[in-house]
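Enquirer: Protein chains in written order, with numbering that gives the first Met the number 0: chain L, 0 to 393; chain Y, 0 to 393.
Hints were generated in silico from the structure; no laboratory data involved.
Pairs of lysine-lysine, DSBU-like flavour, derived with a Cα cap of 30 Å:
(1) 94/L / 121/L
(2) 49/L / 320/Y
(3) 49/L / 121/L
(4) 121/Y / 49/Y
(5) 94/Y / 49/Y
(6) 94/L / 320/Y
(7) 339/L / 94/Y
(8) 94/L / 49/L
(9) 339/Y / 320/Y
(10) 94/Y / 121/Y
(11) 320/L / 49/Y
(12) 320/L / 94/Y
(13) 339/L / 320/L
(14) 121/Y / 102/Y
(15) 102/L / 49/L
(16) 102/Y / 49/Y
(17) 339/Y / 49/L
(18) 339/L / 49/Y
(19) 339/Y / 94/L
2 protein chains.
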Amino acid sequence: MNVTLIVADAPTASYAAVFTSNAFCGAPVTLGRRRMHEGLPLQALCINNKVSNVCAAGDGVADAETVCSAVAAALDLPGGSSSVLPSSTGVIGWKLPVDAMVKAVPDAVGDLQRDSLLPAAKGIMTTDRYPKLRSVEACGGRLVGIAKGAGMIEPNMATMLSFILTDLDVPRSELQRMLAAAADSSFNCMSVDADQSTSDTLVCISSATTPLKASRDQEALAEFEGALRQLCEELSGDVARNGEGTSHVIRVRVSGSPTREIARGVGKAVVNSPLFKTAVAGNDPNVGRLVGAVGSYLGRAAPELELGGVSMRLGGRTIFKQGSFDLDSEAEAELSAHLKQALITGEGGVSLPYPPHERCVEVEVELGNGDEAITVVGSDLTREYVDINADYRS
Amino acid sequence: MNVTLIVADAPTASYAAVFTSNAFCGAPVTLGRRRMHEGLPLQALCINNKVSNVCAAGDGVADAETVCSAVAAALDLPGGSSSVLPSSTGVIGWKLPVDAMVKAVPDAVGDLQRDSLLPAAKGIMTTDRYPKLRSVEACGGRLVGIAKGAGMIEPNMATMLSFILTDLDVPRSELQRMLAAAADSSFNCMSVDADQSTSDTLVCISSATTPLKASRDQEALAEFEGALRQLCEELSGDVARNGEGTSHVIRVRVSGSPTREIARGVGKAVVNSPLFKTAVAGNDPNVGRLVGAVGSYLGRAAPELELGGVSMRLGGRTIFKQGSFDLDSEAEAELSAHLKQALITGEGGVSLPYPPHERCVEVEVELGNGDEAITVVGSDLTREYVDINADYRS
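The task is simple: from the sequences and hints, build the whole structure.
Expert: Below, the structure is given as structure tokens:
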């Protein structure tokens, strides 16, 4: 187990967070919601892996508070334990190892440094194969973020855990709105395995030491919001690339939709279809399964939609239009080649510690029924996913 | 490719059918709906495997009609092609091999016999490992049914194809209502892989040669309906046991629900959770994933539900109540033993051609919020599922 600390020089009122909508959420999520509601200044994030502190026997919230208190005491924080936000990830149902964590706090404090977030990005990993760290400059300041998560990933707001730090001074209410919107078009458009975590937490915390530079406030806020969205999209892309057993990332662009929710539903239906996912894993352009998945969702969610204008592309090539497929052996060969060039594993299918490139399996679905569009990112389904998850706790 | 025929001695007006709700349904489904709407007497079912006749180039409905005409001509049916109901299963997007099918009709006619449905149950198989055939006696007559399906199984009415024959004379409108209700509590409560087929079809056809025996009509109808439901439940259980790569069948009993739809949603969330499915495949009682899946569904579909009364059992043992787990190493050992005794594969995990027993992984979820209950059946997720589906078309 790792205990990772992220600490600001001073308490800050500039922070925002969104959490899982899982009904059996973790104790750190319950406590995090309480911190957001109380709105006291925050100064530290305390994150552990291995044990998620979800539905454990005893009082998980009290356990998390005990660890927060130990952190506040060790750092002599003026705001005390209520200025510490806890996050936990790992096995569901196990009790938080409070004593071991409290003992680990002095070492975690000793490891604090100003040079890099990389040790924190590494410290929060579980089955992740590589640390996820991204940075964007905006408005004369910077946003830097880390994320963890590789399985139990279909965030209904965020990946298991993601933390974004910035120096830019953004009003708290604006920050909360922007973070929720950025989550909606990034983490909430991503799925590794359709299993929503009980611990999903996305936090943005600002030292508020750099004023926004721009000719007008609204322009600066828009620039900051664009940077925040970019960072979230890059981090969620990293999470998909790093999915458990992932050998292809699938990117689905859905356009021409009457609503954003239908567009998201179509994209999710594609990236969550076990049959399409396994076909992609086998470099088999079995596009019948793509149409099957889209039709299954539309038949359920929008049965009255006129489908004559639906078309689909794979790797930029039209494969389906006006109700039927447009394929021949030459097209099949091209589609296979597209799947093969998007493989992110090494020789012999071996998972690499770092992804060699950011190419995706590109799917486009045009619904011909409106102006809404969305991009959803997902993973294929491999033997390695099954192997990892058949004995995750051992 | 097999062409399988099921033929009644005379045209009958006593039949019913329910079909997939997939928006891109197959041409045989379109034609089947037309036959139901027209209501002309039926006399024959013509079923092929390998090619599903879904979204193929050209006119799939005309292709299916051509085959029906060939069948009607070869059998000299008084009702002609409109008394033949076609069904197709197999790869999506490929054109029906009409010429090959028409050529195969005389042999299929030559193979007709009165002894057994087993050759038909075998003839309609694709990746099925064994033929599925069940029989129930009721009301002085008999119902016998066959089914096919092993993957792309989350029927939104029925498994890919299932055909039920009876001699009992039931009014057509009653039969349609009963068949829809039986599908709702059997095939619609089952999922192998959450991928809904484009071809789902459940047909019940009666020769209407045996009047219902019972003291009163209502009693006889109720007895018949019970037998029909039992047959559908047995067949859908067979489909789950025979799921692609399935090594455990998971049976989830959800009770105490405010509505039937929430109960079904909870059950489906459990059997469709890749993480719970892989844990079961590994005989790992990782019940945190069970709670994660239930909470994910409830957080989305019924966020206002009071959860203090929720309890869960695995293999008859309570594992979760009043918001936390109730586990120790002895309980873990018992749960592992339960998972191992429910394995339906042979030595070394090898898939058997026939299931050795009908034991299931037994999950019970009590929601403590009402009186509705439902049973959902599903499969685990194994390496074999991935292997089968990474190169299904080759």
